[in-house]
Structures are given as structure tokens and as C-alpha cells.
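Participant: Protein chains in written order, with the working numbering: chain S, 1 to 425; chain Y, 1001 to 1285; chain L, 2001 to 2311.
No wet-lab data here; the hints were simulated from the structure.
It is possible that some hints are incorrect.
[Stated by the list, open to error] Straight line, CA to CA, 30 Å or less: simulated DSS-like cross-link-like pairs of lysine-lysine:
1. L:LYS2210 to Y:LYS1141
2. S:LYS156 to S:LYS342
3. Y:LYS1141 to L:LYS2049
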Amino acid sequence: MNRKAIFKFALLGLMSLLVLVAPLGAQDDVTLTFWFEGDAPAAVALFQEVADEFAAQHPGVNVEITSFGFDDFLRVMPLALDGGEGPDVAYVPWGLQALGRYALAGHAVELTDLAAENGWLDRYAMSDIELTNGLTPGEIYGIPFENVTIGVFYNKAIFAEQGLELPETLEDFEAIMDALLEAGITPVSVGGRDSWPLAHVWLQLVHTAMPIEVITGIENNDPAYRLDTPEFLAATQKTLEWAQAGYLDPNMLSTGFVDANNLFINGDVAMNIGGTWVMNDFATLPEFEVGFFPTPQLDPELPWHAGGKNPYNNMMINSATENMDLAVEFIGYMLGEEAQTKFWDAGNITAYQFDEMPPPSTPLLADVADANSYTGFGYNIGVTCSALNLATWRTLQELVGGDITPEELIATNQQVYEADCLTSE
Amino acid sequence: MMKTANRSRRKTSLVQSMAYTAVAGLLSLIVIFPLFWVIATSLKDRADIIRNPLGLPVVYQWSNYVDAWREGNFGVYFVNSILVVIPTAAGVVCLSLLAAYAFAMFRFRGKNILFTFFLIGMTVPLGILVIPIFYQMVSLKLVNNLWALILPQTAVGLPFAILLLRGFISELPKEILDAGRIDGCSNWGILRHIVMPLSRPALLSVMIFNIVWVWNQFLLPVVLIQKASARTLPQGLSVFMGRYGADFGLLMAGATISFIPVVIVYIIFQRQFIKGIAAGALSGV
Amino acid sequence: MADAKQLAGERPMLAFTAKLAWQKNVSPYFFIVPALLVYVAFFVFPLVKLVELSLYKWDGILPRKFNGLRHYQRLLVDDRFWEALSHNFSWMIAAIIIPVILGLMLAILLSRSSMFGSIFFRTIFFMPQVFSSVTVALIWQWIYNPSYGAINVGLRAIGLDYLAQGWLGDSDLVLPALFIAWSWVHYGFTMIIFIAAIDAVDEALFDAAKVDGANLMAQFRHILLPSIRGALTTIILVTAISSFQVFDMVYVLTRGGPGDASMVVPVYMLESAFTLRKVGYGATVAIAMGVVIVGFSVLFLVLRGVYKDTD
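Same shape as in the complex, but just chain S (with noise of 0.2 Å):
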């Protein structure tokens, strides 16, 4: 390379400048920008038919729209919020760790005369638009139009192979582990080092063991509840007895959740314990047909509120969209039926009340939408308390690494939950 080749390089660098300080195009069309947490293929796609389908209905108007990995969607939306730019639309996760921070900020809408107006709190129930914005009862800043639920996904081949019949009591479920575990089958896996999905097993237990109420006080930060009660100590000494029994995955700690994922799709493990939303992989891709139920009680006397369900983002306004209007208008397409139809076809337990509920598409939704109808939300201790969070799952992996004791877990937890929780940050 000689020396007309540098300035022929730094030309071209010139002209890319050049092409960089150019308008991108004028457009007359106007652009509706919607941002979403939550990255699955299938989501992803779902989202974007839906949108393709509202810009069909409203010709002019582009939207676009791009996702997010949970970590990702809350680094980035505080800060385009802050600096006035972020997208007119987002569907967001709930609760002061998002939505209602953005709220108190003053950068999302309130939508609580638009809900009356248009029609939404008829289709979708207060109590939980109320739960997920976390503020100021009867005032709204997002809707809420879809339900996750945690619970144990099993290989249905594998159950019938092996003669096993579905769990009543958290004795017969550890009797199935047991049976599994003696024909050399690892019963559960976990994606234990990207420490949330053991998280959720931990959960499980923990929604299983105590009251709703206390579920919901530490949600709302209420300093009248603990985290090193008998209760809590009961489920996370019933996690390590797990995971030092071999019911969950010997190697969970070095698996990722998308490794767990597919050990288990592949059909290397009997269960899953997850969330809902990797439901559409679990029922397509698999060779094998795919069952859910709801972990078991931890403590029988208890009504049943499975671990982790809750409504799950929420629809809001950037207060400093440009696009008020238009942005009313995608927010009532996503609630209204023809978009939630979409939605549960897809797999997704809508929140949206049908006058007649349409058939499930597949068995594996028929199952989660069964467990869900005769279980109670269970929300999801942490989520509103990041510092709790990543509390929980670093003390987690501690125990199951056998660093430290259930009690040690609970009393960090209950040193966080006052420092860090409590306080205002």
C-alpha cells in the first residue's frame, strides 16, 4: 500500500463522513417507534405481525419496533428516557424497578381518563393494572395485557416410559425425582449460571410456603415483613436438600438458561422449571410432547398461588412522543381482540377477558392455561427491589455451590431487603 492509497483511504473516509451528515431520506410517512422487553424469536415475530397489521389498517404510518434482553431493555430505556429521545410506545416491566420509576419521573403518560374513555378497563381487570404500576391506587400509567405463570415443564415420553403419573402433593413430586434419579434420568435441569432461572426455583418454594400477604408486602417494600422468617428458611433449606438430593442438574451452576433449555429439548432431562414465555419452544421444538404443572405445595394447608404468576409488561406512553394520537390508537390496537387474539393463538396467556374464550393452539397451552385457572397470583419477590434481586441470586449460587448456609441466605437477604429496599435509594 502506497501513499495514494492512505489519501485514496482517507477520502473514502471522507466520503463516508459525508454520507453520514446526510438526511437519511426525507419521509412524509410518519413513524411510530414501539420498544419491547423481551427477546424470544417467536415473540419477536409475534410483535412484529401485530404491528405490520396495525400499520396495514393505518396507511402512512410506519412502525417500528425493537426488542430487548431484560438486562439490556432496563439499562438503556432510563437513560433514552432522561435524555428526551426513548420510543413513543413501550411495553415495559412492571413495578418501581421500571415502569413506576418512569412514572414518578414524569415520563410516562397517564392513561387513567384514556383506560375509561376507550374502553380498556372493561377487558382488563384493575386489580392488576393497580399491582403492576405499584403508584397511587385508581391512577394509570400502563395496562398489562398478558399473564406468565412459573411451574415445572416434564417430557411427557419420558413419563410414560418410565410409569409415572402427575404430582398431587410436594411428596409425590420428590417420590418422582427419586424414580427418575434410579433409572439415570437427571430430573430437573436449571440454567443455574445465569443465576435467575435457579432463582425461580427458589421461588417455587418460597410462594408455596407463606401467605400471599407476605408476598405482596415485600413487593411494595412494606418494612413489616421479613425475609428471614421460619417460612423462608423452610424453602431455601428445601432448595439445597434439591439440589444436594441431584434433582436438580449436578452441573447447573456451569449451565446457561439457554443450555437448560435445550438439554431439556433435547431430551437429556425429564422437567424444566421456567417461565411460561419459553413455552412456544418447548411445544414446537422438541421430539417429544411437552406437559405442565404447577410445583406442588410447600406448605398443603395454604390456597394455592403458584410461585411467579403475574401480569407481566405493561403498555406506556413516552410523555414526550410526538405522536400522541397515533400512539392512543396502537396502544387500544394492542388491548383490543383482534391483536390478544393474536397473542393467545400464539401460545401467550392473555390478560384480555374474551366473551368466549378461544380454543387453546396447542396441548401445552391447554395445560398452562388449566394450571392457571385454578391458581391464584403468586407475583415474584425482587421484582421490584433490584438489589434484593441480585442479592438472592448471588446467595443462591452460594448455597447450591456450598459456600454458604440457609441461614446465611436468609439473613443477607433480610440485610439487603433493609438496606437497600427500604431506604429510597
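Assemble chains Y and L onto chain S, guided by the hints.
Facilitator: This is chains Y and L only, laid out in the frame that chain S set:
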């Protein structure tokens, strides 16, 4: 380099040479095998990956590349990466050449202070500056604009480039430079007609070094670019990792698409690249 | 917009003055100013801003509150920070030993032995240097996968099942495992610098030694090693500085887990600033890391004698 002919004629037997080559060959598998695996996997379908994780594909699944390119928007990411890399590398080369020339050739007040001021840049990792850079770009209205990636990366690229070029220029034979001066060349003339041509290898290595570095930059786009249409390749790949994590063949096709260009650049320019790096690192010794 | 003619009329004049300026010695500052402007605007300014952020309590959204030096006080008693810092130091110590020795051995093999295809092997061995951290993480995530990964599949294939384990999930193994993945990239750098230094050694020295009957070990100790001592110092210091900054590999593969077993300061910084939204505290951690790195860098610059010909 002073590699002399007589070294290659050293009295060693053929057997010995073959043994050394075999050792190197075995060791190189540590690099070659993972690459082979990435590329082989990128051409397999799901069943093939499960049954035959380490071998060649049974049926070549070229559609993985089509899907990665289309569904993963790799065409868009590709153009964005190029639009960031070229101005950044060109900017670093031009600005650092000017500054390095002054640092290498002149005595002036505050020279050491200014030089140290630039060197501080080599010690501070870009990662810790991401938050303040974001707010700066917000006030400049450059969020989601590729300039938000070009400007800070040019600034961060300067210190190493100046150090390397300064070392190179100060070691140019003084006689030639003095001859230029006697011939009546101005400072600018010496730079254009003597220093620049002689520094070609160093300039080229600064350029290649920055191309590779900017091409692979990951953290900055993750924070500064939020629109899918402005993402660069590594960012696109990481989104892909989350989104298509279960589809290994597609994931590996995406990975291959993103590393092939930089490997080609490296193979073509490796002599300059390596010589420049070595010269820069050893210049002060 | 203004008078084009007037501008055009002035052009010869401008050119004339400019020519005069070139003829005289243009001030060296003129050459430095463009680089300085970009550098100050997009590097120094954010750095100053970072210090400012560390003095405030801020979640990134709600209005920030002045916090004085309290974040710095908290850092001093933050056990998690100190544990992460100790991991950085162990990492650095390993980094100045393992990739350096590996690089030296490869350099000797490729440069001093009579082998075939030495240029080809240089190309191959150096190649991981040009991969992005995302690609490298992807590769090593597979190598370490407990069920399908190369290491465990290989161990089982040769009957060493008992050695197969979850490499990234064991709190004792995770740091070494991540370190090996990091070294897979970085030995290439040390190797290339060593090759350049070895190639620059005068061949006559070796010939003289051979005449004196010195064996390979003696040649290494008495000729090679003294000749490349300068390069060795450079490599050790550059490696120390870059290894201390490592976070891509840890961030992508384990995020510091299991527990805090692989937590390093940069990951802790991101966790504080972004996940926990304690922007000010994250900035404080960033500054603490910066102080350590700047300390090493100054040591490096002094030892390398960067200033020796600038006075």
C-alpha cells in the same frame, strides 16, 4: 528485522525440522479447532448439531446464512459497522500523524506535559466513561447516530496512535530529515514529502489496528445505539445470542459473518499490523 | 451566503499568507491542536464528568442529590469491592506469568528453530487477537459447556469421566477457567512482540556461542534472555495493565458468578451503575479502578523510559 540468511542454513536435520513443525501443528489446533467448530456448526441443522456435534455437517445447511443475514438484519449491521470503522480509522490516522510529528520533531514549551496528557488516555479504559459519554451525546443530540460511536472512539484511539507514530518518526534517520531541511522544505513539507512516505508502515498499522479495534467494540454501541437500524455487528451478534440462543446453527452463522471480514483484513495486512504493533511496543526500550 | 466574490478575491491573499506561514517554521502547536480538540472534547470532558457523577446520589432518572465524598467512604468498607479487587490482582499476576511464558516459548519455536511454515503458524497463533469478545465468549461458552462442550466430551471419550465437570460453575475453578479463555486471546500479543525482539538479536552472537560450544539452554540464558530484557519489561507491564482492565470475558460468561467467585471490579462497576442504578457509586468504583490503572501506567512509562528522548 535482521533475520539473516545463515539462520535458515543452520545445520539441523530434516527430522528435527519436522518435529518442530509437528509441535507447532499440534499447538495450532487450539486455535484452529474452535474456528472449525464455529464454521462447521454454522452449516448444520438442529438434529445434526445434537447427533454430530464435532464433525463435518452431514447436509450443508447454507440457509442458516440466509436466515442470519435476513432475520438477524446482518446486512444493516454490516453497513453500520463499515460506516463507523472508516471515519474513525481515517480520523485517528490523520490527527495522530500531525500530533506525533510535532512530538517527535520539535522542542517546545509544555511538550512533556502535553504528551503525558495524551498518554493518560491509554490508561483509562473506555468502559468507565460510558455513562458520561451517554449524557454528552444526549446534549449533542447524537444518540442513535453513528457519530456517537465515531467521535469517542477517535478520541480514545489517539493516545496509542500518537505514542506509536512518535516512536516511529523519532527513529527515522536524522540525515534524511536534515537533508530536507537544508533543501528548504518547511515543516509541513518535511511532513508531507519525507515523514509521511517513510512512516507508511506505521501509519498502516495504526489504521489496521484501529479498524480491528473499532470493528469489535461492543460496550459503547450497547449504550449509545438503541435503534435496531443503527446497530453494529458485535451488538447485533449479542442480540442474536439472546434471541436465537436455542438455534445454534443460526447463531454460528451470525458469528461467522461478523468475524470473517476482520480476519480477511488481518490476513492481508498482517505483516504491517504485526510489525507496527511490535515497533510501537518496543519503540521506547 | 456572504460575498462569494469577496471571498474569491481574497483567496490569493490567503494563499500568500499561508505560504509565508509554511515557509517559516509553523508552530508545533498547530499540529497538535486538532488531535487535542477531539481528545479533550470526547475523552477528557467525559472523564471530568465522571468525577462529578461520583459526588452525587442518582438513580439515572429522578433528580440527583449532592452526596459529597460519602460514596468514597462507602467504597473503603465495601467488602464486595475489595473481594473483586483481589480477583483483579490475582488475574493480573497470572497474566504476567502464563501468557508471557507461553508467548516466549512459541516465539522461540517459531523464530529460532528450523521449522516449516513459520509464517503460517504466526498467522494462526495470532489470530484470536482480532476476534471480538462476543465471538470469543461464544466459543468458550461452548468449550466449557458441561454436557455438550469440547472439554467434557473429550474427557469422556478417553475414559476420564471423573474429570469432566462444570468448569464455570465451581467457585474454585471459575476464575482459572475464565483466565484460560482470556489467555487464548492474549498470548498472541506477547508472542508477536517476542518474535520482533528475537529477530532483532544479532545472529553473530549465537554463532559465536555455538563456536564456544554453548548448548541451547546456555544460548537462551546468556544470549537470548539478556538481549530481549527490554521487550520482556514492556510485555510484562503492558500485560499487567490490560489484564487489570479485563471485563468482557467475565461479563459475558458469568457476570461475576457463581456468587461473587469471579466478580471483578469492572463488572461490579456496571452492576452498581446500571443494574442497581446507583450511578454515582458506579462512577466511584470506576474512578477507584482508574486510579490503580493509572498508577501502573505511570510505572510503565517511567520504566520504559518514554521520556528519555523528549527532554
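Participant: Can you list which hints this structure breaks, lowest number first?
Facilitator: 1
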